[in-house]
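Take a look at the letters that make up each chain.
2 protein chains.
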Amino acid sequence: MKDKRPEWVPEKAGKEFTTKVMPGVKTQHDGLPNNNEKRTLKAGVKRRELSVDEYFNGIMAKDRRVLAQAITLIESNSEKHMKLAQALIKQILPHSGKSIRVGISGVPGAGKSTLIETLGLNLINAGHKVAVLAIDPSSTLSKGSILGDKTRMEFLSREKDSFIRPSPSSGALGGVTRKTRESILLCEAAGFDVIIIETVGVGQSEITVRSMVDFFLVTQISGAGDELQGIKKGIIEMADMIVINKADGDNIQRARMAEGEFNQVLHYLTPATKGWQTLALACSALKNIGIDTIWDKVLEFKEITIENGIFEKRRKEQLLEWMHSMIEESLRTSFYNNPLVKTLIPEVENKLITDEMTATQAVTELLDKYRNQS
Amino acid sequence: MKDKRPEWVPEKAGKEFTTKVMPGVKTQHDGLPNNNEKRTLKAGVKRRELSVDEYFNGIMAKDRRVLAQAITLIESNSEKHMKLAQALIKQILPHSGKSIRVGISGVPGAGKSTLIETLGLNLINAGHKVAVLAIDPSSTLSKGSILGDKTRMEFLSREKDSFIRPSPSSGALGGVTRKTRESILLCEAAGFDVIIIETVGVGQSEITVRSMVDFFLVTQISGAGDELQGIKKGIIEMADMIVINKADGDNIQRARMAEGEFNQVLHYLTPATKGWQTLALACSALKNIGIDTIWDKVLEFKEITIENGIFEKRRKEQLLEWMHSMIEESLRTSFYNNPLVKTLIPEVENKLITDEMTATQAVTELLDKYRNQS
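Those sequence lines, one after another, are chains A and B.
Numbered according to the numbering used here, the first sequence spans residues 1 to 374.
Numbered according to the numbering used here, the second sequence spans residues 1 to 374.
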């Protein structure tokens, strides 16, 4: 797959804007639909840089193009753009937060995209505005993209009240987390009241998504008995709901069985959210069967958690935890990216493994040299 | 419960040796039995400080008293003693490692102590030497001790071939981890070929224990249906075996049912160790029924994991992970214990929660001030 650049790039932008994006939506990749609006600009064409106020006013006026540009600004790694972005977010903050943030995860093939598309279309028909942001762990792990390997959510992307934004790629997951979390705030300020954070069930990405959403939904493949084996560690225990999609055609029986089996297993596990019993539901996104039930449950969840205070409490905790994890990541990165440390680590690890050094000695040696070098 | 000091304290030791210990064994708390050997020393009496060679020779001669003293040395937080301890451990390293390290965890009331006592006595009768080290998370969280609230393992503690060491308390879990991990090495050098690390199922302590053992066993209470609900998050997925103790008297039926139900749940979860199907077993430690089966399974596990290379691989990984987690803990501690940071954190957190500051701004502010202060 070829890397793409965001369509919109600020006027005087240099290399720092060559952030690769995931081509999730056909020919477009800044979250805008590709029908209704005439586009004459070519990819990479430079436009006038907006001021913080222009970004702010555009977002508050629910202008999706400005929203898309603001997210591109957030994704820039240049110091100047980061400062601009932070000023914007600070102005946006009081207008953010008024949404339900729903995480949707699952292994490839579990029908995530179809589920999000059908759910999103239903919600838009009911008067909601739906933003879909993706976190693609593959972009930090490898060059290929798991989520962006085909045109996805074509119908949803055509809707005026949808906003689909592919995953910011390149860089550590921590950077992706920051970009996604800040994008959520912008989307909320732009009037999107349902924010869906999509990820694929790989590596750390589910934990990352769980840390930024109110409700976490995991899609699972249907399949009888043994096929259910080997559910990814811990994933079920983070979920507020497990959805077995593709309960249609020949598959209905198997999906119902899986639903029952999952509910049995869930019975034994501590729920992810206090006061809420995690449940499994079978549905068919293809035929739009059971999708409304899923959303009813999300609303029930929201009501219960607002009532018992968990909703607000979790959001505050998530914010503080996020700050602390950014701090810790920065401390770690400074250490491990230090040239001296980089040289020493392989030596020290080797001495440790061959019993030439105790672990405590290894740590002391590395930290002493790191701290005394300047 | 009153805090106790270790019985043996080096000659010139000051305040750094007032490490509280958990009174796990009646009147004794340095891992020695209280019968067979006449003790005239009173608690807190100071003895001559040993040299590294004396410690080393004593341990290699399987002298349990020297072993106990060496562990007390490891537990000291004084810099001088830490250096001495590291020199000792380095000398010990080539003689360590020849054991099976078994973690045993479970909620209070699940019969952990009785299980360890019966298992330990069986193993000693079969010619093994058994060391039991405890990690008591309560000691780092609160003042009280969960594991040490009564005299435990009285019969096992009387055996010549046993060594029972209560948890080092006070200080962060990281410090406790270091002390326990280093104690394992000393016990192994002293000829103990079965090392049991005991903990109670609270907080992070299970993860800590899992990170230092070959085999991880979790005890669960027996009980029908609903009583099994609410199994602690992730704990089952770390386990290589789940033991339902107290399968005796009126309880046999229920324990067998629980065994079956657990095995059903386990069927759906990824095993903790590659190539090994985690299983549930009912037993009665009180009547010594099923305890041999548990050990047979441990041996089978050892054989399989040595065969497929997981045994060695895990030990090396554990060693490296431990080093890196010590480094990260040290980086974190330096930051959060910094006086300026301590002052700033509450302010910044408050600004973050009240939307006066973005998370990225909060992080930047804290890190800039931390790094530029000296």
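Heads up, a few of these hints could be off.
To be verified - Label pairs and their computed distance ranges (CB to CB):
1) Asp-368/B x Lys-302/A: 36 to 46 Å
2) Gly-309/B x Asp-355/A: 16 to 26 Å
3) Leu-344/A x Lys-274/B: 45 to 55 Å
4) Lys-274/B x Arg-371/A: 18 to 28 Å
5) Thr-343/B x Lys-369/A: 54 to 64 Å
6) Pro-108/A x Tyr-336/B: 19 to 29 Å
7) Lys-351/A x Lys-62/B: 42 to 52 Å
8) Asn-288/A x Asp-248/B: 22 to 32 Å
9) Ile-207/B x Lys-369/A: 49 to 59 Å
If you are wondering where the hints come from, they were derived from the structure by calculation, not from laboratory data.
C-beta atoms are modelled at their ideal positions from N, C-alpha and C, and glycine is treated no differently.
How the hints compare with the structure:
no.: 1; hint: Asp-368/B x Lys-302/A: 36 to 46 Å; verdict: holds (38 Å)
no.: 2; hint: Gly-309/B x Asp-355/A: 16 to 26 Å; verdict: holds (19 Å)
no.: 3; hint: Leu-344/A x Lys-274/B: 45 to 55 Å; verdict: violated (31 Å)
no.: 4; hint: Lys-274/B x Arg-371/A: 18 to 28 Å; verdict: violated (38 Å)
no.: 5; hint: Thr-343/B x Lys-369/A: 54 to 64 Å; verdict: violated (29 Å)
no.: 6; hint: Pro-108/A x Tyr-336/B: 19 to 29 Å; verdict: violated (40 Å)
no.: 7; hint: Lys-351/A x Lys-62/B: 42 to 52 Å; verdict: violated (28 Å)
no.: 8; hint: Asn-288/A x Asp-248/B: 22 to 32 Å; verdict: violated (55 Å)
no.: 9; hint: Ile-207/B x Lys-369/A: 49 to 59 Å; verdict: violated (29 Å)
Hint compliance for this structure: hints 3, 4, 5, 6, 7, 8, 9 are not met, and every other hint is.
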